[in-house]
Amino acid sequence: MANYKMQLLICGGTGCRASSSNLIIDELKKQLETKNLADDVQVVETGCFGFCEKGPIVKVSPDNTFYTQVKPEDAEEIVDEHIIKGRKIERLLYTDPETKKHISDSKHMEFYKKQVRIALRNCGFLDPENIEEYIGREGYEAMGKCLLERTPEQVIKEIKESGLRGRGGGGFPTGLKWQFAAANKADQKYVVCNADEGDPGAFMDRSILEGDPHSVLEAMAICGYATGATKGLIYIRAEYPLAIKRLVIAIDQAREYGLLGENILDTNFNFDVELRYGAGAFVCGEETALIHSMEGERGEPTVKPPFPAESGYWGKPTNVNNVETFANVPAIINKGAKWFSSIGTDKSKGTKVFALAGKINNVGLIEVPMGTTLREVVFEIGGGIQNGKKFKAVQTGGPSGGCLTEKHLDTPIDFDNLIAVGSMMGSGGMIVMDEDDCMVAVSKFYLDFTVEESCGKCAPCRIGNKRLYEVLDKITKGNGTDEDLELLDNMSRVIKDTALCGLGQTSPNPVLSTLENFRNEYEQHVRDHKCAAGACKDLLDYVIEPENCVGCTACARVCPVGAISGERKQIHEIDPALCIKCGACIEKCKFNAIFIQ
Amino acid sequence: MFKPKEDRMAKVKSLADLRKMKENLQSKVHLREKADNPEALVQIKVGMGTSGIASGAKEVFNYLVDELEKRNIEAVVTQTGDMGYSYAEPTIEVTLPGKEPIVYGYVDVKKADEIIEKYVKLGEMVDGIIPANYRTIEENK
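Residue numbers (my numbering), protein chains in the order written: chain A, 1 to 597; chain B, 1 to 141.
Just so you know, not all the hints are guaranteed correct.
To be verified - Restricting the straight-line Cα-Cα distance to at most 27 Å, the calculated cross-link-like pairs of lysine-lysine (DSSO-like) are: (1) B:118 <-> A:335; (2) B:34 <-> A:114; (3) A:245 <-> B:99; (4) A:85 <-> B:20; (5) B:70 <-> B:99; (6) A:85 <-> B:34; (7) B:110 <-> A:335; (8) A:304 <-> A:316; (9) A:88 <-> B:118; (10) A:390 <-> A:304; (11) B:11 <-> A:245; (12) A:581 <-> A:474; (13) A:101 <-> A:390; (14) A:335 <-> A:157; (15) A:581 <-> A:477; (16) B:110 <-> A:231; (17) A:30 <-> B:99; (18) B:118 <-> B:99; (19) A:407 <-> A:160; (20) B:58 <-> A:29; (21) A:101 <-> B:58; (22) A:113 <-> B:58; (23) B:99 <-> A:335; (24) A:145 <-> B:99; (25) A:407 <-> A:359; (26) A:390 <-> A:347; (27) A:231 <-> B:34; (28) A:145 <-> B:11; (29) A:477 <-> A:457; (30) A:88 <-> B:34; (31) A:390 <-> A:113; (32) A:145 <-> B:110; (33) B:34 <-> A:335.
Hints are computed from structural coordinates only; laboratory data are not their basis. On a predicted model such as this, the values are computed, not experimentally measured, just so you know.
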């Protein structure tokens, strides 16, 4: 094995690959080869660093230099300047938005300062396609400890004491879930990993599987040992090709090393993992629907009880956990329940991974201790709102969650606090909205999603959500009435109470929380037929400000429907009846004479 | 799909096996772990501008990396640009945790050995120190 003097870590997550990080890797390898440095400098493709906004990321070890937004053309300069001459390339370093200084070490960036990485501990650090790197970093040690030094009961006790709760959204205590599955006797039991990540804008599970697949496999084996299961299944959506590829490689390698399969570590414990592909239906994230889908049935939920722990996959006791939940398990075993429970809040222990998206400066993946406030996440780690606009709301919990507003900014984020303010943790998507987002349109967007994803089995969800959507559509078109607001409220509550599964029970949440926090916006739409954010096209009028108009006729010439009239050097006018609100005139006007009201 | 390759490492048969394997494989990720917390370790910078390399800085650099590992000393060895002491190449800067950096000149493999044995291990000064004759930007503020 070559003794490398330096290592170049390049992000190989989906985000950075989309910005050609694989070309950067090829180019760096080529440059090192031609400069005779291939034996001294190693190029490693890692999982996601989280700072997707500034991707592709290239990190240099051991001097810990963090290059952002690297292009394949920069590879030669990195090799020539940094590696050969030891000079950092200033223009590729992260620039602090406040001080305008270049920062080379990621530890000093606001984005990383407050983060604590447990589930993401190996993402951006290890080569996910190489089991040896994982083993070199205590990989499978936790599994070994459990198999040889602890009884299944002790493992469950450890997980219970750690206070780990399901990261898929429900927040159910993981140790308790394992205990239920362990208590049921059967000739065959199963461990299922739920990798059906469906919330719009959420990508934490994908990143964990892409960046650290072995952690999940190891945790599943531990769970198998604790609950008495010998088979593991990962239900993953087919839209995650890179995660699937890395999982397949990881499973093959683990079998090859005897860390999955029969008689693991000579303990008579057998455990193997297979993949099951989902077609990307949102409802299949619900565990009963997921199990039906794996059995080849339609992905429809059934009433609980019986819980999967009693009767799951093929009627056998099955324990279903989410990817991020599993990713925490090896760390808990290695470092102890006490360590884990020292992080977080009273009832929510550990950390949570969030996917920051929307109108925020630092789009990306973050992991913070439970109890971190929304303000810290949005303004410190997230770097605030894009283009200096005003913060309006954060949508947490995906289509089942709710919108949190300025008054919630100082709420410490944990499972119970989010529910108390009318939203939920969900799987951890956070979509940030600014003053240009209309909250009625936002809830319409989410309803559109749930209507599309409803499996159709129960009437409240199939019919109710469709009606909700229609009412919202009516309001955004300017035809709403005060009675519609009452109707929205009533219908939402009925759907919540009567729908069969989690999807239906939570789908009205965006409506209820926006009605509660932004009622004035709904009223404005209904009473004044105005949309202050300027997002609902049908409620906008394009007008020409006479004072600014010089009569250049540019707008009239560009208007596709001939809605603008006026003589040369005379003030022009827009006919609202003809105007299709395409915005072409605004783009063309050099005198700021056209605006939307 | 799964094809066992004969040239691969044998199966892990026990926890002891796994731990032994970890010891052997640690070096693969060690460089990165060290990079996460360099302040707590011995840091050595080797001046590797053109004049440094021409005077043999590369050999010294390789020697330091290999020897520190052999002698079980946790250290971060990095290369840096020309330090300006062209008359005294190769030059290296050694920073022990919590101490001021010290620059040594005319460092060949023999000198490097002495620096590891005396200064790094025991904290004893070694001949060949170049006194700091500059101020950094921070100090000048």
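Q. Between residue 581 of chain A and residue 477 of chain A, is the straight-line Cα distance small enough, at 27 Å or below?
A. holds, 13 Å
Q. For the pair supplied as a hint, residue 118 of chain B and residue 99 of chain B, is the alpha-carbon distance within the 27 Å limit?
A. Measuring from Cα to Cα gives roughly 16 Å; hence the hint holds.
Q: Could you grab the alpha-carbon distance between residue 110 of chain B and residue 335 of chain A and see if it respects the 27 Å cut-off?
A: violated, 43 Å
Q) Does the structure keep residue 145 of chain A and residue 99 of chain B at a Cα separation of 27 Å or less? A) violated, 40 Å
Q. Given the hint that residue 85 of chain A pairs with residue 34 of chain B, does the C-alpha gap stay at or below 27 Å?
A. Holds. Residue 85 of chain A to residue 34 of chain B sits at ~22 Å (cutoff 27 Å).
Q. Does the structure keep residue 30 of chain A and residue 99 of chain B at a Cα separation of 27 Å or less?
A. Not satisfied, since the Cα-Cα distance of roughly 40 Å exceeds 27 Å.
Q. Taking only the CA atoms, is the gap from residue 304 of chain A to residue 316 of chain A under or equal to 27 Å?
A. holds, 15 Å
**Q.** Restraint status (C-alpha distance of residue 110 of chain B to residue 231 of chain A at most 27 Å)
**A.** Measuring from Cα to Cα gives roughly 59 Å; hence the hint is violated.
Q.
Would the hint linking residue 390 of chain A and residue 304 of chain A be met if the CA-CA limit is 27 Å?
A. Cα-Cα ~44 Å, so violated.
Q | Given hint residue 245 of chain A paired with residue 11 of chain B - CA-CA distance at most 27 Å | A | At roughly 23 Å apart (the allowed maximum being 27 Å), residue 245 of chain A and residue 11 of chain B satisfy the hint.
Q | 27 Å Cα cutoff - pair residue 145 of chain A, residue 11 of chain B | A | Holds: residue 145 of chain A and residue 11 of chain B sit about 18 Å apart, inside 27 Å.
(Q) Next pair to validate is residue 99 of chain B with residue 335 of chain A; report whether the Cα-Cα distance is within 27 Å. (A) Since the Cα atoms of residue 99 of chain B and residue 335 of chain A sit roughly 32 Å apart, the hinted pair is violated (cutoff 27 Å).
Consistency with the previously given hints fails for numbers 1, 3, 4, 7, 9, 10, 16, 17, 19, 21, 22, 23, 24, 26, 27, 29, 32, ordered from lowest to highest.
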